[in-house]
Amino acid sequence: MAHFKMKFFQHWLLFVLCLPLSSVLCFSELSFITEPSDVTVLPKDPAVLDCQAHGQPPVTIKWLRNGVKLAESEHIHFLPNGSLYIPKIKHTKEDSDEGFYQCLSQNKFGAILSQRSRLTIASISEFVLHPVPVVVTVGSVARFSCAVISSPPATITWELNQRTLPLQTDRITVLPNGVLQIHNVQLEDAGHYQCVATNIGSVLKSREATLTVNLDAGPKLRQRPRIIAGPQNVTVSLHQTVVLECVATGNPRPIISWSRADSKPIDVYNAKVLGNGNLVITDVSTKHSGVYICRATTPGTRNHTTAAANLTVLVPPNIVEKPESQTRPRAGTARFMCQAEGVPTPHITWLKNGEQVHLNGRIKMYSSKLVITQIIPEDDAIYQCVAENEQGSVLSLARLIVVMSEDRPSAPRNIHAETISSSAILLAWERPLYNTDKVIAYSVHYMKAEGLNNEEYQVVIGNDTTSYIIDDLEPARNYSFYIVAYMPMGASRMSDQVSQHTLEDVPLRTPELSLTSQSTTDIQVSWQPLPAKVSRGRVSAYRLSYRTAADSTVTSVELLQNSTEYLLEGLQPDTIYLLRMAAATRVGWCEPSAWTSHRTPKTSGNKVPSAPILQLEALNCTSIVARWQSSLESVAIQGYRLCYHEEGQPEQPDIQLQAQTNTYTIGGLDPRKKYHVKILAVSKVADGHQRDQTISTPGCVSARDQLAAAPPPPNQVTVLDGNSSAVSLRWSHPPFPSGKAVSYTVRCTPVGTHNVFAIRYLQTTKQSVTVQKLDPNTRYEFMVRLHVDQMSSPWSSVVYHQTLPAAPSQPPAGVRVTLIEEDTALVSWREPTESNVVITRYTILYASQKDWIAGHWQKVQREGSHTMALLEKLEPGNVYLVKIAASSEVGEGPFSEIVELAPKRGNVHRSKNPRHSDWFPDSTVFSDGLYHIDQRSMTGIIVGVSIALTCIITCALILISKGKQRKSSSHKVIAVGAPEGPRSGFPSERHSENIEALIPMMSDHFIDAKGGSSIIINGTGPVSSKKWLLFNREIRNPADSDIETRASLYEAGKTVLRYEEHLGSAPLPPSSREIIYGPLRSESSHTSEGSQETGDSGHYSNEESNEEMSSPSSSRSSRPESLGPDDGIAVLELKQSFKVEKEVDAPLLCGISEAHVVSNTCQAASC
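Quick note, the sequence shown lines up with residues 1 to 1167 if you use my numbering.
Treat the hints as calculated values from the structure; they're not laboratory data. There's no promise every hint is true.
Stated by the list, open to error - Derived pair list, reagent style DSSO-like, types lysine-lysine, alpha-carbon separation capped at 30 Å:
1. Lys364 to Lys322
2. Lys883 to Lys859
3. Lys883 to Lys850
4. Lys352 to Lys108
5. Lys369 to Lys322
6. Lys684 to Lys602
7. Lys108 to Lys264
8. Lys108 to Lys62
9. Lys108 to Lys448
10. Lys322 to Lys272
11. Lys850 to Lys873
12. Lys69 to Lys287
13. Lys673 to Lys533
14. Lys287 to Lys264
15. Lys62 to Lys533
16. Lys220 to Lys205
17. Lys766 to Lys369
18. Lys44 to Lys108
19. Lys364 to Lys62
20. Lys220 to Lys93
21. Lys352 to Lys69
22. Lys602 to Lys533
23. Lys369 to Lys264
24. Lys69 to Lys93
25. Lys108 to Lys287
26. Lys88 to Lys108
27. Lys322 to Lys69
28. Lys90 to Lys108
29. Lys369 to Lys352
30. Lys673 to Lys607
31. Lys873 to Lys883
32. Lys44 to Lys220
33. Lys533 to Lys364
34. Lys69 to Lys448
Said to hold, decoys possible - So the derived label-pair ranges between C-beta atoms look like this:
35. Leu619 to Ser792: 48 to 56 Å
36. Asp654 to Leu619: 15 to 23 Å
37. Val291 to Cys621: 34 to 42 Å
38. Ile401 to Thr466: 40 to 48 Å
39. Pro57 to Gly699: 42 to 50 Å
All C-beta atoms in this analysis are idealised placements derived from N, C-alpha and C, irrespective of residue type, glycine included.
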């Protein structure tokens, strides 16, 4: 029964502990049970959009239409289960309920947004294609078609002379797309045909078209096959039905067959031929995408004709790599992966608590991956990856939990930034105000202050400095800075941000020039303003220099800062001029550009074409595309002549181009070079005016920056072998072609850790690795990723493995040996100070000095939950040596250092302070275990309990029968033994420093294990007198209280027994155990798990305390005179009951008094 109660108590305790931690440990992610789906309704009809969410309550649901939150009104109702109800659909030009709906679910952890659902109001438009009249001959093919825009798609039927035609006969076929085919036309087929479109809301009829059937004038001639209605390129959604039409004529009648351009077989399960050669594919999927070829062949010959069409199957988004919830410390980095498939390729966005993620320097998107650096508490939220295309949307959620360390340092203070140069800023700060000694490093964060989506950079420096120079900045830019202090378990908050502006610098280069001549004596010079990254400040002036090729005299013109063109006039005709430009900021002038040549036109009486308007664009690092446009003029242009060369290199031969050409691509160029391009128009009379322009090719994108599909992750990650400190892993190479070197990264993380420094990364080029230096008996998770060509794959699936237990590496600590009897000693110790090692057994070896020399040890073993043991049958006068080792399931650990014990010869008075030996002088006893009593002691206890119950019942009957009011008892003084030194009422100075160690940590209610009442026994005399009312049966006279209290004087060598009870005292409130298990019963108390067996029959507390172990011996006692004869009997019976109750309820006393109690169950059995 007691065992069942203890199990129940353990389960109750786990429930109580888990309840307040439920928000962290028992977290249930917020998720949708039902999401809204697409619905089509009629105007004025009701509509219901379902939405149900699951999560820790309270959960609230809101609705959005086209991204705007809806408010509940008479027209829109929010149902209790979260669904949206619209009693009457509106559909007018001013107001319509049509649109995209989403529900937003929210609880205290965050918010999530549902997939997008479309509410469509049924409608049908006018026909966009009406059937047209057809004239055919008997035996030929007639075809009608119509088209209508309908939502939902309309069903097409046909009528002949106002009567419905069958959908399919041997000669007549109605295709799902609305086409009517009549093969082998007969005279009775003539008439008026009309197309009928029907959906759930309307029926619409097209205009009539007449079919005229004529008789053949003569015999039919042989005709080659001809396809009159071939398949058309078609795009359909997943699981729809598609029709590829193919109608052919010929004599004889051709045979229709179908094939795929990629030579794959046509799906025979979903594809069938409808009518006379139409291919119908139902429930289309991605495997049906491709080019289909219709082949019409004359029977018995090789004469054929073909027609082809491409089938594209649109696929809704599907997330193939979902983001995973993460727990990250403050200032850490979180990476959420998300990969989606679909046709067309889905567009991926991210939501935070149902709203668009605001990208900034800390939060970035790389392709589809969301990266959050320098995590702050506000980043704790639910994040959703949204993949959407024209076929729909799908979402996947993950939660980011930010772990805050309580002893993290405060933020760095008094941040100061000072500009040093155009590219360097000095940053200085003061150390954190709190926990400065725990700082191991600082990280400096900076980014451009202007603009959006600026990259944030980070520099980590040691904790031995409080200043740093950032020297890779751009000139004339404003930067913001902040600093974070790091400690082993996390990081501080961000410091205050400061901004600082770098100095200006001279421009990196000059503008690209464009030169043209409007006449024979001028040159029009134009340019584009320099971008900020190139100007490195505000441009204050331009300087244009020019000279002729034959003269070294240079003429310069300074232009205003906002100038973008200048006209050089008064030049010589048909002369080569060299021009260059320089730009300046307040700092100074940059290096001028290289000379650019331009020839002024020749003087001629004829009109020549003007210079084309030229535009140059760099396609890549080795190609330039030139586009031009001629001015509207009366001069006829025969063609163009284009020439280009690298700056400083000779010109290339001219390229002759046709008059209708207006673009040309120049390839084979070098990266990061400046090129001069010239173009002019050619007429019959003469060459036109020339236009010169310069352009620089960009640098080639490195392989690291090229956008390429990430390689797949390694698969079949398995654990080969493991022990207590190492695990061997193996994995397979993913199936993808690569001729380059491949490496792997293995990530090892203890399950449930919040410490980022506990995560380990191992690099290897093999497909296996052994992870060393792991903690024993610890569960780890392992993941592997692949690296090839500077690209990394996603992490593989997680593999879990728990390391084996290990033998203890340290001995038990705090070993103490205390003499409690003349032949018995108590050994106590503490568990080894190492985690993740489960102790299953302790081994105590002890021997006398003579036996130790001979190598003979006596062994005592205790279970791993015990930290105390008794050494019995010791020989007085011998010095004993004791050592202890701890064992686990794996093996035994090292033994502790030997502790000596020297028992005293002869009788040892048990009221004296017990002698003890340990590793530390004047240290206290440590006890961490309880001991169960053995079977013989159990029998004695049961007998003792029975006797005690009989005594109590007898005593109660005697007291009731006499009806005599019990009198309060005066203090009972028992002489235990006189210590050496003067006797006084208070402890001597020699013992005053040990008073705290000698006073057990008791509650207000304590009973001596040997039968007294309020008693504390030690060698120095009574220290304190406590009262315990649990078993008190006497009624105390309040008038005697003060007298008895004043009579209670401490005296060394004396033990004070005090019987005390208040009249009409209220019963004690029930304990937690009584609430759970009910009232405590003495008959079942001997099975309580609070005590543990030892070699003898004693009970020992499992509480660790700082008092000495005291063992009262048999002592002389005298009965106070204030007690009458009856009182004496009651006291005797009460003492006996106290003694028995004390022994059998040791767990309860241990829990109340928190003291070490040593009692003898042999005495309990004999009483």
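(request) May I ask which of the numbered hints given earlier this structure violates, with the numbers listed in increasing order? (result) 7, 9, 10, 12, 15, 16, 18, 20, 22, 23, 25, 26, 28, 30, 32, 34, 35, 38 and 39
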